[in-house]
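Residue 1 is where the sequence shown starts when you use the UniProt record's numbering, and the numbers rise one by one after that.
Each statement offered as a hint is correct.
Cut-off 20 Å, straight-line C-alpha distance, at most; resulting in silico cross-link-like pairs (SDA-like, lysine to any residue):
#: 1; residue 1: Lys254; residue 2: Tyr227
#: 2; residue 1: Lys243; residue 2: Leu125
#: 3; residue 1: Lys217; residue 2: Ile201
#: 4; residue 1: Lys243; residue 2: Ser157
#: 5; residue 1: Lys217; residue 2: Phe199
#: 6; residue 1: Lys217; residue 2: Phe166
Ranges between beta-carbon positions, derived for each pair:
#: 7; residue 1: Gln111; residue 2: Ala64; range: 23 to 29 Å
#: 8; residue 1: Glu61; residue 2: Leu249; range: 35 to 41 Å
#: 9; residue 1: Gln237; residue 2: Pro118; range: 27 to 33 Å
Hints in this document: simulated from the structure, not taken from any laboratory. Ideal Cβ positions, reconstructed from N, Cα and C, are used throughout, including at glycine.
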Amino acid sequence: MSSNSRRIASYNLIMHRRALLDMIQKWTSPSLLEQQECLPTWLTNEVTVHKIADPEDGSVELDAQSKLVSTMSHPQSSSRTRISAESVSSSVSSGLSTNSSTSRYNFLQVQWADWGPPISRWFQLNETQGWEISVSNGQRYAFSDPNPRDRGKLMVSVADFNPHNFRRNAETMTRLRSGEGENNGSSDNNEEEGEKGGFEILDHKGVFSEEVYMGLKCVVYRAPDEYDFGAVMMDEQRLLGVKLNRDGLTESIKVLYIG
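Sequences and hints are given; from them, build the entire structure.
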């Protein structure tokens with residue numbers, strides 16, 4: 001994924017941990033690597049490790065440096081990661097003994113569109129305060145949006161990524177649309193302006209040079225009031241809204257119960 005450097009914006013990227021591990025296993029599986037000539041570019045990194053030993057106190061320090069040395073459609077070797085020792089050297093300076101070794105590693109460069117959208121969701125951060133209020137706990141993520149009528153106030157929300165809660169909320173919304181049940185007003189789907197093939201489309205207003213698809217579903221619960229918090233902390237049941245004074249010190253703390 002590429003970005004448009006003329007526009008500056010900050011985002012938090014939320015990913016499903018188990019799905020991410022499954023995706024890594026998929027892209028590194030031997031069966032897929034056998035078809036590597038059909039896969040994207042392979043990158044070769046050169047890693048140099050310096051081992052510095054002090055004979056006086058017996059301490060050992062390691063310093064590693066990595067740089068990209070080449071790209072290719074697929075490596076000559078069929079292995080996913082190829083390690084080859086390029087050089088080994090040693091020296092003695094100021095009483096310190098230094099050993100250096102250089103190795104090369106091959107790894108796949110997989111495009112974001114091939115693996116990221118189904119397991120991710122993006123949240124744009126408020127330029128002045130959003131980065132301070134962003135926090136997660138378990139399968140929940142707290143974020144804020146500025147009140148368009150009063151930029152000094154924030155609308156605080158919690159996104160719940162628990163799939164059971166999302167399915168239950170979807171069933172409730174279906175009943176409401178068909179005239180059954182009652183809306184308690186406590187939850188809302190975090191829908192963006194567009195949707196394509198089951199994926200929502202992030203309205204990034206040209207920040208990225210391509211459309212950003214999001215497949216990770218959630219339910220968004222919005223706090224009923226507006227606040228002037230400078231920071232928020234969260235546990236399994238509570239949001240702690242911290243109001244700061246002009247010196248950046250804590251002035252007051254408000255507790256919001258989220259259940």
